[in-house]
Each structure stands twice: as structure tokens, then as C-alpha cells.
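Given these sequences and hints, build the entire structure.
As a plain string of letters, each chain reads:
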Amino acid sequence: MKLVTAIVRPERIDEVRESLEGFGINGMTVSQANGYGQQRGHVEVYRGAEYSSDLLPKIRVEVLATDDLVDGIVAAIISGASTGQFGDGKIWTVEVSQAVRVRTGERGASAIS
Amino acid sequence: MNPAFFSVGLDVNPQTLDPGSTAWMLAASALVLLMTPGLAFFYGGLVRMKSVLNIMMMSFGAMGVVAVVWALWGYGLAFGPDTLGGFIGDPFANFGLNGLATVIGGKAPGLPDMVFIGFQATFAIITVALISGAVAERVRFGPWLLFAGLWVTIVYAPIAHWVWGGGLFGSTGIIGSKISALDFAGGTVVHMNAGMAGLMLAVVLGKRLGFMKDPNIRPHNLPFVMLGAGLLWFGWFGFNAGSELAADGIAALAWTNTLLATSAALLGWLLIERLRDGHATSLGAASGAVAGLVAITPACGFVDPVGAILIGVLAGAVCALAIGLKFKIGLDDSLDVVAVHFVGGLWGTLSLGFFAVPSSKTEGGLLYGGGLTQFWPQILTALIVTVWTAVMTTLIGLAIHKTVGMRVKEHEELAGIDITEHAETAYELAMVGGTFHPGDQSGKTPPTSSGEQEASVNGKTGRIRSKATT
Numbered sequence: 001m002k003l004v005t006a007i008v009r010p011e012r013i014d015e016v017r018e019s020l021e022g023f024g025i026n027g028m029t030v031s032q033a034n035g036y037g038q039q040r041g042h043v044e045v046y047r048g049a050e051y052s053s054d055l056l057p058k059i060r061v062e063v064l065a066t067d068d069l070v071d072g073i074v075a076a077i078i079s080g081a082s083t084g085q086f087g088d089g090k091i092w093t094v095e096v097s098q099a100v101r102v103r104t105g106e107r108g109a110s111a112i113s
Numbered sequence: 001m002n003p004a005f006f007s008v009g010l011d012v013n014p015q016t017l018d019p020g021s022t023a024w025m026l027a028a029s030a031l032v033l034l035m036t037p038g039l040a041f042f043y044g045g046l047v048r049m050k051s052v053l054n055i056m057m058m059s060f061g062a063m064g065v066v067a068v069v070w071a072l073w074g075y076g077l078a079f080g081p082d083t084l085g086g087f088i089g090d091p092f093a094n095f096g097l098n099g100l101a102t103v104i105g106g107k108a109p110g111l112p113d114m115v116f117i118g119f120q121a122t123f124a125i126i127t128v129a130l131i132s133g134a135v136a137e138r139v140r141f142g143p144w145l146l147f148a149g150l151w152v153t154i155v156y157a158p159i160a161h162w163v164w165g166g167g168l169f170g171s172t173g174i175i176g177s178k179i180s181a182l183d184f185a186g187g188t189v190v191h192m193n194a195g196m197a198g199l200m201l202a203v204v205l206g207k208r209l210g211f212m213k214d215p216n217i218r219p220h221n222l223p224f225v226m227l228g229a230g231l232l233w234f235g236w237f238g239f240n241a242g243s244e245l246a247a248d249g250i251a252a253l254a255w256t257n258t259l260l261a262t263s264a265a266l267l268g269w270l271l272i273e274r275l276r277d278g279h280a281t282s283l284g285a286a287s288g289a290v291a292g293l294v295a296i297t298p299a300c301g302f303v304d305p306v307g308a309i310l311i312g313v314l315a316g317a318v319c320a321l322a323i324g325l326k327f328k329i330g331l332d333d334s335l336d337v338v339a340v341h342f343v344g345g346l347w348g349t350l351s352l353g354f355f356a357v358p359s360s361k362t363e364g365g366l367l368y369g370g371g372l373t374q375f376w377p378q379i380l381t382a383l384i385v386t387v388w389t390a391v392m393t394t395l396i397g398l399a400i401h402k403t404v405g406m407r408v409k410e411h412e413e414l415a416g417i418d419i420t421e422h423a424e425t426a427y428e429l430a431m432v433g434g435t436f437h438p439g440d441q442s443g444k445t446p447p448t449s450s451g452e453q454e455a456s457v458n459g460k461t462g463r464i465r466s467k468a469t470t
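Protein chains in written order, with the UniProt record's numbering: chain Y, 1 to 113; chain V, 1 to 470.
Please keep in mind that the hints were generated in silico from the structure rather than gathered at the bench. No incorrect hints appear here.
Chain V side only, calculated, beta carbon under 10 Å to chain Y, not exhaustive:
#  : residue
1  : Leu46
2  : Ile217
3  : Glu273
4  : Arg276
5  : Asp277
6  : Thr281
7  : Ser287
8  : Ala320
9  : Leu321
10 : Ile323
11 : Phe327
12 : Asp336
13 : Ala339
Derived, one-sided and incomplete: chain Y residues facing chain V with beta-carbon distance under 7 Å:
#  : residue
14 : Val45
15 : Tyr46
16 : Gly48
17 : Tyr51
With a Cα cut of at most 16 Å, we get these calculated EDC-like pairs of lysine to aspartate or glutamate:
#  : chain 1 : residue 1 : chain 2 : residue 2
18 : V       : Lys328    : Y       : Glu50
19 : V       : Lys213    : Y       : Glu44
20 : V       : Lys213    : Y       : Asp54
21 : Y       : Lys90     : Y       : Asp71
22 : V       : Lys213    : Y       : Glu50
23 : Y       : Lys2      : Y       : Asp71
Every residue gets a Cβ at the ideal spot worked out from N, C-alpha and C, and that includes glycine.
What follows is the structure in C-alpha cells.
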């Protein structure tokens with residue numbers, strides 16, 4: 001099993017979700033995040049004074065997946081999140097040693113299906 | 001107590017009461033009072049999230065203190081019979097508004113004096129509230145209320161007496177008998193006065209922690225600012241048009257000029273922003289509107305509509321440019337009271353020297369054939385008011401600051417003045433944990449390590465579980 005984590009633009013979350021559901025993924029965790037990459041932050045101006053914000057609002061999407069689906073999930077996220085501009089985000093995967101469905105107690109692949 | 005207080009309405013002589021003007025002035029007074037809650041929103045949006053309740057409370061606190069002071073002795077100081085050679089009015093002649101309840105026409109033809117008194121009270125209230133913006137996010141609430149009472153007594157009331165109460169600048173006053181300055185609705189009494197007081201109080205109290213360093217010192221809610229500016233604009237029609245003290249043509253002229261100057265100032269501010277910063281901002285629109293309102297205040301009944309537009313557009317530009325001065329001199333005028341109210345008020349006051357239309361009260365400004373005759377009285381009045389305000393506000397501020405202490409402690413400022421001064425937070429954002437004690441039970445008892453309090457903490461966990469399963 002793997003955990004796929006993606007940081008995407010807030011305005012692209014609906015496309016990412018539709019893309020993942022189109023791929024057959026029905027569960028995900030979505031949370032708000034702040035950060036920056038190559039595009040850095042932005043500058044705000046109030047009454048002539050500049051205030052720079054290094055951290056931009058982002059959305060974190062997390063999907064638990066069996067190994068055979070990981071490449072497809074990553075491709076689905078890319079297709080939904082990509083604009084071709086700086087700030088499109090990052091995707092990474094990490095090994096997950098165990099997953100348990102709280103309601104039934106199922107473990108492993110059956111817990112995330 | 002004067003028996004007249006118990007017969008309000010019974011002694012009114014319908015032959016001397018002007019119902020139309022009275023109705024208008026009652027409405028205008030309510031409009032002006034609304035400006036102070038409007039200012040609370042304007043200022044509230046400009047501060048950080050952790051200070052919004054405190055800055056709004058400074059405006060509401062001013063409403064509480066100043067109205068009571070006004071009734072007891074403030075009105076007498078400002079509008080009572082001359083004493084000390086016209087320096088102040090006699091506060092004892094009608095202490096507590098005694099004997100004024102049924103007087104009609106004492107201050108303006110056809111108006112009950114109570115309307116005039118209430119109308120003027122709303123001016124005193126907002127003038128004090130305006131000062132709070134210069135010292136936002138660092139003033140203890142109790143000492144602020146003390147300052148409000150002292151300042152309206154020592155600074156505001158005498159100046160109101162000089163300009164409007166028949167004192168120094170009145171037609172028979174020591175200065176007014178020689179020169180004739182114009183101030184229709186309070187450019188000197190309200191705006192220059194509040195702006196200079198804010199500047200001096202900011203000097204006395206010092207900068208906020210993080211001023212010119214912390215990027216989080218910026219407005220937390222611009223819709224509040226826009227709402228506040230809108231309420232100020234709405235109320236300002238009562239402020240300016242009401243200052244005619246009658247429902248007549250001059251009031252209508254003041255109303256229209258208030259619209260035009262404000263709209264033009266909004267454009268003037270936005271133009272400067274667009275050229276200087278690259279964007280026309282919502283804060284610029286709100287600030288420009290307020291700058292225009294300030295500048296047209298002394299002039300609204302003395303200029304024509306084109307004059308109002310010119311006063312407004314220049315006010316927007318001048319005030320927008322003045323904003324940057326505080327960073328150059330290192331003065332933490334938190335919400336730019338000096339740049340908007342002092343500079344805007346000064347411009348409005350001086351502008352009469354250029355734009356005043358010839359009338360029974362003036363030969364006209366420079367652009368209307370009056371030469372410089374109106375210009376010098378405007379400068380002299382502005383100078384006297386500024387010096388009196390600066391000196392007396394500094395003394396009052398220092399007296400309070402050096403005795404009871406006016407500034408919050410450093411750790412309180414960092415934690416946020418809302419929670420330390422008022423035990424409240426404006427926004428409930430994802431709070432986790434905590435306990436609740438109903439006020440009539442254990443609310444006065446802080447949590448301890450006793451078994452009962454531990455049970456209380458555990459009880460909260462139980463409630464959460466119970467809610468989830470029902």
C-alpha cells in the first residue's frame with residue numbers, strides 16, 4: 001500500500017476530484033495547506049505600504065491506494081491539477097505499513113477498497 | 001431638579017417651533033450618531049484579527065463617556081455663556097442640561113435646544129472616537145475611557161466654544177472680531193482636532209511591537225472597512241447638511257457638496273494608488289471617500305459644486321500621498337488618523353481661502369475675487385487649534401500614562417488586546433479543547449487541579465462522545 005499526497009492549487013480541487021473519481025477512486029482526504037515553491041509568495045499593498053506573503057494557500061489531497069493503482073492515481077491528479085504554470089504543486093508517494101477501516105476492523109487492501 | 005424636566009412637550013409653543021427643521025435635525029442627529037458605530041467598523045477592519053473588538057470598544061466607549069460628560073458639563077463648556085473672556089462657556093449655568101428641556105430657539109431659530117444639544121453631543125462623541133485609530137492595538141480600555149472624559153472636557157469643549165459657541169473666534173470674540181474664519185461643520189473642531197490629538201497620543205504611547213517589521217500588521221477585514229466607510233458617508237450627510245441647523249437651501253447645498261467632494265476624493269485617491277502602486281484598491285476607495293468627507297466638512301456650505309469637486313479630488317490625492325510620511329518619520333499612527341483627518345481637515349480649512357463663494361459671511365476665496373482675505377483667517381484658526389490640541393493632549397496623555405498607565409504590557413500586546421482587555425475573541429476559528437463554566441455557577445472559579453475540576457475536563461470529553469452517538 002501507498003499513501004499518495006498531492007499539493008494542488010485551490011481552484012483546481014474540483015478537477016482533481018473529478019479526475020480521481022473518473023479513475024474509480026471514491027475516497028480521499030482534503031485539507032487546507034500553505035506553502036510555496038518556485039513561484040514564491042505574493043505582495044499585498046495597503047495604503048502604499050507593501051507586505052509580502054511568502055506562503056500561498058494550497059490544497060492537500062491524500063489518497064490511500066494499493067500499489068497497482070498508484071501510477072494511475074498520480075496520472076489522474078496531474079491531469080486535473082496541471083495548468084502548466086508555476087505553482088501547480090507536487091505529488092509524492094510513501095509506503096504505508098498498515099491501514100484499518102474503523103467501522104469494520106478490515107485491514108490491508110480490503111480496508112481501502 | 002428643574003420642574004421643566006417633567007413637562008417636556010407641554011410648554012412647547014407651536015408658533016415658535018419649526019416642525020420641518022426640527023424633524024430634519026432629529027434625523028440628522030441620529031445620522032451623525034450612526035457614524036461612530038460606522039467608524040468602529042471602519043477601524044475594526046483595519047486592525048489585526050486579535051484587536052478588532054478592542055478598537056470597536058474604543059468607539060463604543062467614547063459614546064458612553066462623552067454623552068454623559070456632555071450632558072453634565074461638556075455642553076455648558078462648549079455652548080454656555082462666555083466666561084474667561086470667551087475662552088470657555090460657563091459649565092454651571094445649565095449643569096446637567098438643567099432648565100433647557102423646553103427651551104425653543106435658544107441656539108437656532110425654531111429648534112428646541114434639546115435637538116441642538118443632542119446634535120452637538122454626536123459631534124463630540126465621534127471626535128473622541130476618531131482619536132482611537134492613531135493608538136489602536138495598545139491602549140488599556142479603562143485609561144482610554146478616562147482620557148475620553150478628560151479630553152472632551154479640556155480640549156474639545158473649549159475649541160467648540162471658540163468656533164461655534166461664540167467664544168474667541170465668534171463675531172464678538174477677541175480674535176473673531178478682527179478676523180472671520182469659516183468652518184461650516186467642523187474641519188477644525190472635529191478633524192484637525194482629532195488628527196492632531198491622535199498624533200500626540202501616538203507619540204506619548206510609542207509604537208506597536210512589530211511596527212515597520214511585522215508583515216501581519218495589516219487590515220484583517222476589508223469588507224468591514226468598506227461597510228464602515230459606507231456608514232460614515234451615510235451619516236456624514238447629517239453631519240454636514242445638519243450643521244445648517246435648518247431644513248433649507250444651504251443644507252441642500254451642503255448635502256450635494258458632501259456627495260460630490262466625497263466621490264471626487266475617492267477617484268483622486270484611486271488615481272494616486274494606480275500610478276504609485278499599480279492597483280486601485282478597495283481600501284483606497286474607502287480611505288479616499290473618508291478623506292473627501294473630512295475635507296468638505298468645513299467648506300460644504302460655503303462653496304459651489306465645482307469647488308466641492310476640486311476640494312475633494314485634491315483631498316484624495318493629498319491624503320493618499322501623506323500616508324507614507326508615518327513610515328519616513330517612524331510614527332505609528334496605526335490607522336492613519338493624522339494623514340486622513342489632520343491633513344484632510346487642514347486642506348479643507350485652507351481650501352476655503354481659495355474656493356469660498358462670496359456671501360454674507362465672506363468676500364469669497366482667491367478664485368472668486370476675494371483675494372487672500374479669507375486665506376489668512378483660515379491659517380490662523382488652524383494654527384491656534386493645532387497648538388492648543390497638541391499641547392493639551394500631550395499633557396493629558398502623559399498625566400494618565402505616567403500615573404495609572406495607558407499602554408498594555410508587552411506580553412498582553414503580543415497575545416492580543418481583545419483577549420487581555422475584554423476576555424473575548426472576535427472569531428471562533430477551530431478552537432480545540434477548553435472548559436465552560438456557566439456564569440451563575442462556577443464561572444468565577446478558575447480551573448484548578450482539584451478532583452472536581454478534573455471531572456469537569458473529563459466531562460467535556462464525555463459530552464463530545466454523547467453528541468456523536470445521538
